[in-house]
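Chemist: Residue numbers (the numbering used here), protein chains in the order written: chain A, 1 to 87; chain B, 1 to 91.
Since the hints were made in silico from the structure, they are not lab data.
It is possible that some hints are incorrect.
[To be verified] Result set (SDA-like, lysine to any residue): computed pairs, CA atoms no more than 25 angstroms apart in a straight line:
id : chain 1 : residue 1 : chain 2 : residue 2
1  : B       : Lys-18    : A       : Ser-15
2  : A       : Lys-32    : B       : Leu-37
3  : B       : Lys-81    : A       : Met-54
4  : A       : Lys-32    : B       : Asn-77
5  : B       : Lys-91    : A       : Arg-72
6  : B       : Lys-81    : A       : Asn-28
7  : A       : Lys-30    : B       : Phe-46
8  : A       : Lys-30    : B       : Leu-17
9  : B       : Lys-18    : A       : Arg-17
10 : B       : Lys-91    : A       : Glu-16
11 : A       : Lys-47    : B       : Asn-39
12 : B       : Lys-40    : B       : Asn-85
13 : B       : Lys-40    : A       : Asn-51
14 : B       : Lys-18    : A       : Glu-16
15 : A       : Lys-79    : B       : Leu-17
16 : B       : Lys-40    : A       : Ala-56
17 : A       : Lys-22    : B       : Leu-17
18 : B       : Lys-18    : B       : Asn-33
19 : A       : Lys-46    : A       : Asp-75
[To be verified] Some chain A residues near chain B, calculated using beta-carbon distances under 10 angstroms:
id : residue
20 : Ile-24
21 : Asn-28
22 : Ser-36
23 : Asn-39
24 : Phe-45
25 : Met-54
26 : Ala-56
27 : Asp-62
28 : Asn-71
29 : Ile-80
[Unchecked claim] Far from chain A, by Cβ distances over 12 angstroms, these chain B residues were calculated:
id : residue
30 : Asn-55
31 : Ile-56
32 : Thr-58
Treat the numbers as computed from the prediction; the structure is a model and nothing was measured.
All C-beta atoms, glycine included, are put in the ideal place defined by N, C-alpha and C.
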Amino acid sequence: MSNLSQYQLQNLNESERSEILKFIESENAKSKVQMSIHNFTDLCFKKCNKNSSMNANLSNDDEQCLKNCVNRFLDLNIKIVQTLQQQ
Amino acid sequence: MALFGSSSPQITTQSDLKTQIQNDITQELAVANASELINKVTENCFEHCIQVPENILTPQQDNCANQCLARYMKSWNVISKTYVNRIQNSK
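Build out the structure end to end from the sequences listed, making use of the hints.
Modeler: Shown next as structure tokens:
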């Protein structure tokens with residue numbers, strides 16, 4: 001970004017500007033999803049490897065544990081929102 | 001480093017300014033994404049593989065770290081698929 005001067009940015013026309021804003025919005029959304037995946041992987045890697053030895057390959061059980069971990073986390077998230085709404 | 005992609009080419013003509021900005025944004029986000037991954041893998045594998053920090057990384061720790069990294073990447077992919085599926089199904 002550093003090599004873009006304010007002057008150059010002002011040279012963009014209206015449609016280019018709105019195109020860039022749209023681009024930022026969609027990249028932002030993608031980035032949010034990626035950051036959630038980072039957080040889930042961090043959380044579920046810890047949860048699912050508690051007793052197992054660290055080997056490079058995931059067994060079927062390991063994989064199932066990771067899938068369940070994400071899905072139950074999201075279930076719980078929804079449940080908590082619903083519970084709070086009822087209060 | 002290939003992980004971060006090569007730096008975007010310097011495009012100076014006015015008509016390409018928009019493309020340059022978009023490339024810069026993509027580049028910034030790719031770097032943020034890669035460093036998040038590197039930080040989290042390092043934390044998890046340090047926790048798991050290095051019980052007692054010694055004056056060098058022992059061969060066992062080194063091997064454990066390689067296994068751990070590979071396992072973390074595979075886990076990332078499983079979680080990514082699961083989460084994206086769930087988002088798509090809820091729409």
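Chemist: For which of the previously enumerated hints does the structure constitute a violation, in increasing order of number?
Modeler: 7, 10, 15, 29
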